[in-house]
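The whole structure should be built from the sequences, with the hints applied where relevant.
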Amino acid sequence: YCSPLERAVLTMSWLLMPRAGDRTLPLLFPGELQEIHQGMLHGRPHTEWKAAMDGQDPMTFRSPGGENWLDVQNRVTRYFQDT
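Residues in the sequence shown are numbered consecutively from 742, following the numbering used here.
Careful: at least some of the hints might be erroneous.
Here are the in silico distance ranges between beta carbons for each label pair [said to hold, decoys possible]:
(1) Leu768 / Asp823: 33 to 43 angstroms
(2) Leu751 / Glu789: 21 to 31 angstroms
(3) Glu747 / Glu789: 34 to 44 angstroms
(4) Lys791 / Leu757: 31 to 41 angstroms
(5) Phe821 / Lys791: 16 to 26 angstroms
(6) Ala792 / Arg816: 24 to 34 angstroms
(7) Arg748 / Met781: 19 to 29 angstroms
(8) His783 / Thr752: 20 to 30 angstroms
(9) Leu757 / Thr801: 27 to 37 angstroms
(10) Thr824 / Glu776: 15 to 25 angstroms
(11) Gln797 / Gln775: 16 to 26 angstroms
(12) Thr818 / Gln779: 16 to 26 angstroms
(13) Leu769 / Met794: 27 to 37 angstroms
(14) Pro745 / Gln814: 12 to 22 angstroms
Hint data in this document are derived by calculation from the structure and do not stem from the laboratory. The model shown is predicted, which means the values in this text are computed figures rather than measured ones. Ideal Cβ placement from N, Cα and C applies to all residues, glycine included.
What follows is the structure, given as structure tokens:
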């Protein structure tokens with residue numbers, strides 16, 4: 742299992758392919774394993790994040806249109822429980 746993000750796929754390939762040899766490994770890239778969706782703060786500087794969070798708990802802070810870390814935990818947990 743691997744996130745479908747390019748950097749994750751490249752890392753997985755770098756780690757697994759030399760060890761796989763002639764074997765065919767099932768490779769799964771479910772969207773549920775993507776990183777946190779940061780919403781409107783995606784790509785914004787740390788100073789903007791800090792101002793937007795205004796002392797809120799990082800685990801529960803959700804940028805508009807995004808996820809918080811508890812959402813990510815639930816998404817990934819649900820995926821592996823259903824798999």
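Hint-by-hint comparison with the structure:
At about 19 angstroms, the beta-carbon gap between Leu768 and Asp823 misses the expected band of 33 to 43 angstroms. At roughly 29 angstroms, the beta-carbon separation of Leu751 and Glu789 lies within the given 21 to 31 angstroms, and the hint holds. For the pair Glu747 and Glu789, the supplied restraint of 34 to 44 angstroms is violated, since their beta-carbon distance comes to about 25 angstroms. In this structure the hint that Lys791 and Leu757 lie 31 to 41 angstroms apart at CB holds, the actual value being about 38 angstroms.
For the hinted restraint 16 to 26 angstroms between Phe821 and Lys791, the CB-CB distance of approximately 32 angstroms leaves it violated. In this structure the hint that Ala792 and Arg816 lie 24 to 34 angstroms apart at CB holds, the actual value being about 27 angstroms. For the pair Arg748 and Met781, the beta carbons lie near 23 angstroms from each other, so the given range of 19 to 29 angstroms is met. Between His783 and Thr752 the Cβ separation comes to about 21 angstroms, which falls inside the hinted range of 20 to 30 angstroms.
Between Leu757 and Thr801 the C-beta distance comes to about 35 angstroms, which sits within the given range of 27 to 37 angstroms. Against the hinted window of 15 to 25 angstroms, the Cβ-Cβ separation of Thr824 and Glu776 comes to about 19 angstroms, which satisfies the hint. Between Gln797 and Gln775 the Cβ separation comes to about 23 angstroms, which falls inside the hinted range of 16 to 26 angstroms. Under the hint 16 to 26 angstroms, the C-beta atoms of Thr818 and Gln779, about 20 angstroms apart, fit the expected range.
For Leu769 and Met794, the hinted distance range of 27 to 37 angstroms is satisfied, since their beta carbons lie about 34 angstroms from each other. Range check, Pro745 to Gln814: Cβ separation about 19 angstroms, and the 12 to 22 angstroms hint holds.
Checked against the numbered hints above, the structure violates hints 1, 3, 5; every other hint is satisfied.
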